[in-house]
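Colleague: Top to bottom, those sequences are chains L and R. Read in the numbering used here, the first sequence has 94 at position 82, and its numbers run on one by one without any break. Read in the numbering used here, the second sequence has 366 at position 229, and its numbers run on one by one without any break.
Simulated from the structure, these hints should not be mistaken for laboratory data. Any given hint might turn out to be false.
Cβ-Cβ distance ranges computed for the label pairs, FRET-style [stated by the list, open to error]:
#1 Arg112(L) to Thr433(R): 36 to 42 Å
#2 Leu287(R) to Glu92(L): 51 to 57 Å
#3 Glu92(L) to Gln361(R): 30 to 36 Å
#4 Thr207(R) to Glu65(L): 17 to 23 Å
Listed below are several chain L residues computed to face chain R (Cβ distance under 10 Å; list not exhaustive) [claimed, not checked]:
#5 Ile18
#6 Glu40
#7 His42
#8 Val50
#9 Pro68
#10 Leu70
#11 Ala78
#12 Leu100
#13 Gln114
#14 Glu116
Where chain R lies over chain L, by a calculated footprint (3+ residues, C-beta under 8 Å) [claimed, not checked]:
#15 19-26
#16 33-39
Since this is a predicted model, take the numbers as computed values, not measurements. C-beta atoms are modelled at their ideal positions from N, C-alpha and C, and glycine is treated no differently.
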Amino acid sequence: MKSVTIYSAVMVDGTAPLSLHEMAYLCEQHVDWVVSLVHEGLVELERDALAAETPPDLWVFASAAAARARQIARAQRDFEVNLDAAALMVDLMEEVRQLRAQLEVYQR
Amino acid sequence: MEFKDYYKTLELTPEASKDDIRKAYRKLARKYHPDVSKEKDAEVRMREVNEANDVLRDEEKRAAYDQLRTNVSSGGAAPGPGWDRGFEFAGGEGRAPNDAEFHDFLSSLFKQAERQRRSPGADPRQASAQQPYKGEDHHADIEISLEDSLNGVTRELGLRSVQLDAQGRPQLVNRTLSVKIPVGVRAGQMIRLSGQGMPGEAGGPAGDLFLTVHFAAHPIYQVQGRDLSMKLPVTPWEAACGGQVHVPTLQGEVEVSISAGSQPGSKLRLRGKGLPGEPAGDLYLILDVVWPPATTDAAKAAYQALAQAAPFNPRRHLGVQG
Numbered sequence: 013m014k015s016v017t018i019y020s021a022v023m024v025d026g027t028a029p030l031s032l033h034e035m036a037y038l039c040e041q042h043v044d045w046v047v048s049l050v051h052e053g054l055v056e057l058e059r060d061a062l063a064a065e066t067p068p069d070l071w072v073f074a075s076a077a078a079a080r081a082r083q084i085a086r087a088q089r090d091f092e093v094n095l096d097a098a099a100l101m102v103d104l105m106e107e108v109r110q111l112r113a114q115l116e117v118y119q120r
Numbered sequence: 138m139e140f141k142d143y144y145k146t147l148e149l150t151p152e153a154s155k156d157d158i159r160k161a162y163r164k165l166a167r168k169y170h171p172d173v174s175k176e177k178d179a180e181v182r183m184r185e186v187n188e189a190n191d192v193l194r195d196e197e198k199r200a201a202y203d204q205l206r207t208n209v210s211s212g213g214a215a216p217g218p219g220w221d222r223g224f225e226f227a228g229g230e231g232r233a234p235n236d237a238e239f240h241d242f243l244s245s246l247f248k249q250a251e252r253q254r255r256s257p258g259a260d261p262r263q264a265s266a267q268q269p270y271k272g273e274d275h276h277a278d279i280e281i282s283l284e285d286s287l288n289g290v291t292r293e294l295g296l297r298s299v300q301l302d303a304q305g306r307p308q309l310v311n312r313t314l315s316v317k318i319p320v321g322v323r324a325g326q327m328i329r330l331s332g333q334g335m336p337g338e339a340g341g342p343a344g345d346l347f348l349t350v351h352f353a354a355h356p357i358y359q360v361q362g363r364d365l366s367m368k369l370p371v372t373p374w375e376a377a378c379g380g381q382v383h384v385p386t387l388q389g390e391v392e393v394s395i396s397a398g399s400q401p402g403s404k405l406r407l408r409g410k411g412l413p414g415e416p417a418g419d420l421y422l423i424l425d426v427v428w429p430p431a432t433t434d435a436a437k438a439a440y441q442a443l444a445q446a447a448p449f450n451p452r453r454h455l456g457v458q459g
């Protein structure tokens, strides 16, 4: 049986940001792992200025933070490295991506 | 049901040891990681390799997978562990239904099994009847064009659920979800479809479906955040003497002034002609000087006249004569 209904998606950024639990789920990690990412300054909260006094349950994240956290989680798990090494890998990968994108403009 | 052979993906046999799996994964990760690989289909291959590794590296998942694998290859219909409820997995548009994300399906399966373990001895349906449980969130990727982001678009997502029939055998149920993509979404951003993840249990709310947006390669523009870049071909006389040229932008054709004495590789910025937003992005034009071929006598004469009129040694800085 096939049914079609049109659903409106909303932007995570600005409109429907991610909660701590959603971040943890998307990264397939425990919430404590996400909390440590924030405390180590490896990902930023949507409203970072509030981080110190806001309880983690009320934290919200933008999609860039989710993408970065997912990559860190994956690097950490796949290559069995610690958080700092995983974050460094993700930074370097991001730099390679940006350089490749720039290169592509000139190679066309 | 299309069954992926994870051992084949990792170029292993089912007898492979844990160490073999790790070595095979590392080897293939180096080969296919999209950030380092030069292979054409690196991204797709890496996704497959990751998916296989996710399952095979974990002893419990591997055992569950092996069991499922045996059932499938022997043609049996016996359900694998945790087959007590529907699972759903999503594929982006353009992918054949068989390529839909089996991984999501498997991970749902394992999470289900995990939940069962956490309440030992209890039937999960009975356990969950006591407390409402929010359904699982789901994640998938979706590819759209730049124009789709600019104008908004409705895309169809093929979703497949595995549900048990009256005899307790797993059946595939297909469902099409038409998703209206919000205007102005950028590559890398996530969008949320509330309540389109897994159904909740015991009156709990359904989970959400998250889609990460990717842009398909555009024939003209490269995208960096909200900014766009493109190579703009100009003639030698436009570059040398300056002039007005027409440039295609997402908002329509515009006229741009090329200043006299422009060099190849110079960058021009058209403010606000990138992707819309607060603030809107810019469009960068990278000048590319293109020479007309000297195929006619008149064209040859013109090049020779230029050589006479503007004597020029482009190799002077190399310390050579002419």
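Colleague: Checking against the hints above, which ones are violated?
Modeller: Per hint list: 2, 4, 7, 8, 9, 10 and 12 violated.
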